[in-house]
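> Letter by letter, the chains look like this.
Number of protein chains: 2
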Amino acid sequence: MNENLNGNLLVAQSGGPTPVINASLAGVIMEALNHDEIEEVYGALNGVTGILNDNLVDLAQETSGTIELLKTTPGAALGSCRVKLKTEEQLAGILAEFQKRNIRYFHYIGGNDSQDSSHQIYEYCKSKGYEIRVIGVPKTIDNDLVNTDHCPGYGSTIKYLATSIRELACDCASLGNHDLVTIVEVMGRNAGWIAAGTVLARRKGMSKDAPHIILLPERAFNPEAFIAEILECLKSQKHCLVVAAEGLVDASGNLIGASNAIVDAFGHSKLGGVCDYLESLVSAAIQGVKTRVVRLGHVQRTASHFASKSDIDDAFNAGRYAVKMAVAGETGKMASFSRVDDRKINLVLVDLENVANGVRKLPDNYIGENGMSVNVNAFVKYVRPLTQGVVNMSNTLDECGIPQMAILKSVPVK
Amino acid sequence: MNENLNGNLLVAQSGGPTPVINASLAGVIMEALNHDEIEEVYGALNGVTGILNDNLVDLAQETSGTIELLKTTPGAALGSCRVKLKTEEQLAGILAEFQKRNIRYFHYIGGNDSQDSSHQIYEYCKSKGYEIRVIGVPKTIDNDLVNTDHCPGYGSTIKYLATSIRELACDCASLGNHDLVTIVEVMGRNAGWIAAGTVLARRKGMSKDAPHIILLPERAFNPEAFIAEILECLKSQKHCLVVAAEGLVDASGNLIGASNAIVDAFGHSKLGGVCDYLESLVSAAIQGVKTRVVRLGHVQRTASHFASKSDIDDAFNAGRYAVKMAVAGETGKMASFSRVDDRKINLVLVDLENVANGVRKLPDNYIGENGMSVNVNAFVKYVRPLTQGVVNMSNTLDECGIPQMAILKSVPVK
Numbered sequence: 001m002n003e004n005l006n007g008n009l010l011v012a013q014s015g016g017p018t019p020v021i022n023a024s025l026a027g028v029i030m031e032a033l034n035h036d037e038i039e040e041v042y043g044a045l046n047g048v049t050g051i052l053n054d055n056l057v058d059l060a061q062e063t064s065g066t067i068e069l070l071k072t073t074p075g076a077a078l079g080s081c082r083v084k085l086k087t088e089e090q091l092a093g094i095l096a097e098f099q100k101r102n103i104r105y106f107h108y109i110g111g112n113d114s115q116d117s118s119h120q121i122y123e124y125c126k127s128k129g130y131e132i133r134v135i136g137v138p139k140t141i142d143n144d145l146v147n148t149d150h151c152p153g154y155g156s157t158i159k160y161l162a163t164s165i166r167e168l169a170c171d172c173a174s175l176g177n178h179d180l181v182t183i184v185e186v187m188g189r190n191a192g193w194i195a196a197g198t199v200l201a202r203r204k205g206m207s208k209d210a211p212h213i214i215l216l217p218e219r220a221f222n223p224e225a226f227i228a229e230i231l232e233c234l235k236s237q238k239h240c241l242v243v244a245a246e247g248l249v250d251a252s253g254n255l256i257g258a259s260n261a262i263v264d265a266f267g268h269s270k271l272g273g274v275c276d277y278l279e280s281l282v283s284a285a286i287q288g289v290k291t292r293v294v295r296l297g298h299v300q301r302t303a304s305h306f307a308s309k310s311d312i313d314d315a316f317n318a319g320r321y322a323v324k325m326a327v328a329g330e331t332g333k334m335a336s337f338s339r340v341d342d343r344k345i346n347l348v349l350v351d352l353e354n355v356a357n358g359v360r361k362l363p364d365n366y367i368g369e370n371g372m373s374v375n376v377n378a379f380v381k382y383v384r385p386l387t388q389g390v391v392n393m394s395n396t397l398d399e400c401g402i403p404q405m406a407i408l409k410s411v412p413v414k
Numbered sequence: 001m002n003e004n005l006n007g008n009l010l011v012a013q014s015g016g017p018t019p020v021i022n023a024s025l026a027g028v029i030m031e032a033l034n035h036d037e038i039e040e041v042y043g044a045l046n047g048v049t050g051i052l053n054d055n056l057v058d059l060a061q062e063t064s065g066t067i068e069l070l071k072t073t074p075g076a077a078l079g080s081c082r083v084k085l086k087t088e089e090q091l092a093g094i095l096a097e098f099q100k101r102n103i104r105y106f107h108y109i110g111g112n113d114s115q116d117s118s119h120q121i122y123e124y125c126k127s128k129g130y131e132i133r134v135i136g137v138p139k140t141i142d143n144d145l146v147n148t149d150h151c152p153g154y155g156s157t158i159k160y161l162a163t164s165i166r167e168l169a170c171d172c173a174s175l176g177n178h179d180l181v182t183i184v185e186v187m188g189r190n191a192g193w194i195a196a197g198t199v200l201a202r203r204k205g206m207s208k209d210a211p212h213i214i215l216l217p218e219r220a221f222n223p224e225a226f227i228a229e230i231l232e233c234l235k236s237q238k239h240c241l242v243v244a245a246e247g248l249v250d251a252s253g254n255l256i257g258a259s260n261a262i263v264d265a266f267g268h269s270k271l272g273g274v275c276d277y278l279e280s281l282v283s284a285a286i287q288g289v290k291t292r293v294v295r296l297g298h299v300q301r302t303a304s305h306f307a308s309k310s311d312i313d314d315a316f317n318a319g320r321y322a323v324k325m326a327v328a329g330e331t332g333k334m335a336s337f338s339r340v341d342d343r344k345i346n347l348v349l350v351d352l353e354n355v356a357n358g359v360r361k362l363p364d365n366y367i368g369e370n371g372m373s374v375n376v377n378a379f380v381k382y383v384r385p386l387t388q389g390v391v392n393m394s395n396t397l398d399e400c401g402i403p404q405m406a407i408l409k410s411v412p413v414k
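Going down the list, the protein sequences come from chains C and L. First residue of the first sequence? That's 1 in our numbering, and the numbers climb one at a time after it. First residue of the second sequence? That's 1 in our numbering, and the numbers climb one at a time after it.
If we strip away everything but chain C, and leave its shape as in the complex, we get (with noise of 0.2 Å):
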């Protein structure tokens, strides 16, 4: 292996951003910058069809005061995409580019499709001799990468989640003794992980608390079972709040809402979405209740202003550590969270081939006996690290009081 290689660094950004995925550019380009062997510092504009067209830009432009703004700035600074690697002519292009450019470091930052698009970049290029390092850095909100503890996005999503809940469930309490059903509809359509996150709403000890059901799509939907549970819950609390993940799905494995098409003002089916199916539902089988229906939509993936401190750092530090990897002479692989105990997350590398497609779904032993609901005393020792502390936005604020944004100059490179 040659440890000592030369040349430039081009880092990009795929996939569904997160509220931390530009913390691990900051990661990225801080790192570069310690280091002789990487001469030039670039970013390709919306992920490989940048790389594809040639469209870079010169990252060793922006000041340290736009890197450290990255940490707190949501979308993909710059630019995302959602292209599969598909055809060996794409694969030959971006070689080309690669050639062109000189670009001995690629580093992606994206989910499962993005490494694996980094692994077919990486094979392909060691089967046409042409050198190069790399190292993919994790990111994703769904969770479900495997081969590692967790994903940078993750820990920031919940937290809001679960703060956004525990804030809505005092005003639920509040408004006397009319029963109430709240139902916020979250994000994740193959894996349960932030709809299980939002359990920390919950005060320690007081499994009375919101969420009061939390629906997975590890489990089959049965209405009768939660009309039951709802009724149950009304019957000592003010209030039941739902949570639901948007991948519900029904015992013949059917996404619940898609199946019960609803028809709108222009004639069209629609999809309803879970949220609003099971609204139709509490207020169909439970007379006088009052309802109401939250859905976050993608805020839920942009909350930077509320993000996880440790989030935000596990997402630095593993851009940090893929470049510092890279340049030791590895490649082929991704940066990757190690769990020692509730105090100790290493980063690791593990093999691309090893995370690019897989799914991991939240385990057995994460979820509640009724299938609605999380078993809080194993969940909650995993995910606790993931959400400690918050930045003080203080410093970031405009002159009207609202978080500013890392703006990219983006030089072009000729």
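Hints are not guaranteed to be accurate.
[Stated by the list, open to error] Below, in silico cross-link-like pairs of lysine to any residue (SDA-like), each with a Cα-Cα straight-line distance of 20 Å or less:
{"no.": "1", "chain 1": "C", "residue 1": "K238", "chain 2": "C", "residue 2": "T291"}
{"no.": "2", "chain 1": "L", "residue 1": "K204", "chain 2": "C", "residue 2": "S394"}
{"no.": "3", "chain 1": "C", "residue 1": "K238", "chain 2": "L", "residue 2": "I407"}
{"no.": "4", "chain 1": "C", "residue 1": "K208", "chain 2": "L", "residue 2": "Q404"}
{"no.": "5", "chain 1": "C", "residue 1": "K238", "chain 2": "L", "residue 2": "S410"}
{"no.": "6", "chain 1": "C", "residue 1": "K100", "chain 2": "C", "residue 2": "A60"}
{"no.": "7", "chain 1": "L", "residue 1": "K235", "chain 2": "L", "residue 2": "R292"}
{"no.": "8", "chain 1": "C", "residue 1": "K290", "chain 2": "L", "residue 2": "A258"}
{"no.": "9", "chain 1": "L", "residue 1": "K238", "chain 2": "L", "residue 2": "M206"}
{"no.": "10", "chain 1": "L", "residue 1": "K409", "chain 2": "C", "residue 2": "G205"}
{"no.": "11", "chain 1": "C", "residue 1": "K409", "chain 2": "L", "residue 2": "A173"}
{"no.": "12", "chain 1": "C", "residue 1": "K324", "chain 2": "C", "residue 2": "L347"}
{"no.": "13", "chain 1": "L", "residue 1": "K238", "chain 2": "C", "residue 2": "I407"}
{"no.": "14", "chain 1": "C", "residue 1": "K309", "chain 2": "L", "residue 2": "L397"}
{"no.": "15", "chain 1": "C", "residue 1": "K409", "chain 2": "L", "residue 2": "G205"}
{"no.": "16", "chain 1": "C", "residue 1": "K204", "chain 2": "C", "residue 2": "Q237"}
{"no.": "17", "chain 1": "L", "residue 1": "K381", "chain 2": "C", "residue 2": "L397"}
{"no.": "18", "chain 1": "C", "residue 1": "K86", "chain 2": "C", "residue 2": "K126"}
{"no.": "19", "chain 1": "L", "residue 1": "K126", "chain 2": "L", "residue 2": "L5"}
{"no.": "20", "chain 1": "L", "residue 1": "K208", "chain 2": "C", "residue 2": "E399"}
{"no.": "21", "chain 1": "L", "residue 1": "K409", "chain 2": "C", "residue 2": "D209"}
{"no.": "22", "chain 1": "L", "residue 1": "K126", "chain 2": "L", "residue 2": "R101"}
{"no.": "23", "chain 1": "L", "residue 1": "K84", "chain 2": "C", "residue 2": "N177"}
I should point out that these hints are in silico values taken from the structure, not numbers from a laboratory. Computed from a predicted model, the values in this text were never measured in an experiment.
Model the placement of chain L on the given structure of chain C, informed by the hints.
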């Protein structure tokens, strides 16, 4: 006027809670403890309901830590209600309770219905010769009370919304070249203050920043002009972010969405809400457009984790001021904000009867010419003092990193 009136103080909360409603409660309690004339400090649970049912708690039993935490606890800590006083029987019941508990100071924290209740209670007590100091404390995220510069609660709600929209726009803008229309439904049934406040999401001088379109209840919705505006925006931007007030109406004054009933999975027609209607309209009118909907629901009025520091201070100081003025001999009034200039906004008193039941719409000079925007310069000048600063939440986090909320001991008054 008898300036030295000895007796007990009663505070209560009413209507829809705000992120800072409990900061006013904290202000009332803290100030009450400073005055020898005030013997006991009681809270009524669930507003006037608690007065009528002799359901009072002793607030002097709460710790200073709890009172401090009230400043960032959403929901009504004493419980709220939606009772409009109608009968002399109710007023007689309230007076009887005041006499039984020797209540000589009464502070109702609420919106225009609550100020109306305070006014009726004040008049009734006066007509029966019962001496009491009634000073209301304003509260509403809607900012639609008359005879005050602004209402505590409003600043925090628009700070959270503008922050969320600026964050969301980072995500939308980073996703490449698909035409993307994002619709964010915000509160505001009668007035467009909240929708207008989201304009703070725009960075200074960036007229093409989100929100690109703001639909206000003060202007009749025009579908053709709306679609034309979106198309114009998509031409120059990657995406178009629309903010719509829930109280949007058509030219006949009918609520948008309400007149276009959706038939749900159970065959019931239901209100689709503004955002669902607008999404359907956009999808039908613009070929191949992608749409996203965000419905923050009641989270808009509970996001204390990012409350405006100036709003918390206003709410707290309004509570203190109400008590101070009552002790000084004032009655039949509400604490109100009077603006001297951008940097100086004073607390003053206004007559309850001049606040009760009024609704202040967004004035014409704050509304943009096309009726789908805000007159930025004038409006931002008005709103800027209300959204300054944030509280560092680090000290309120529990062991999982989620903000703790104040829980009153609620020791019953025997």
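> Flag every earlier hint the structure violates by its number, smallest first.
none
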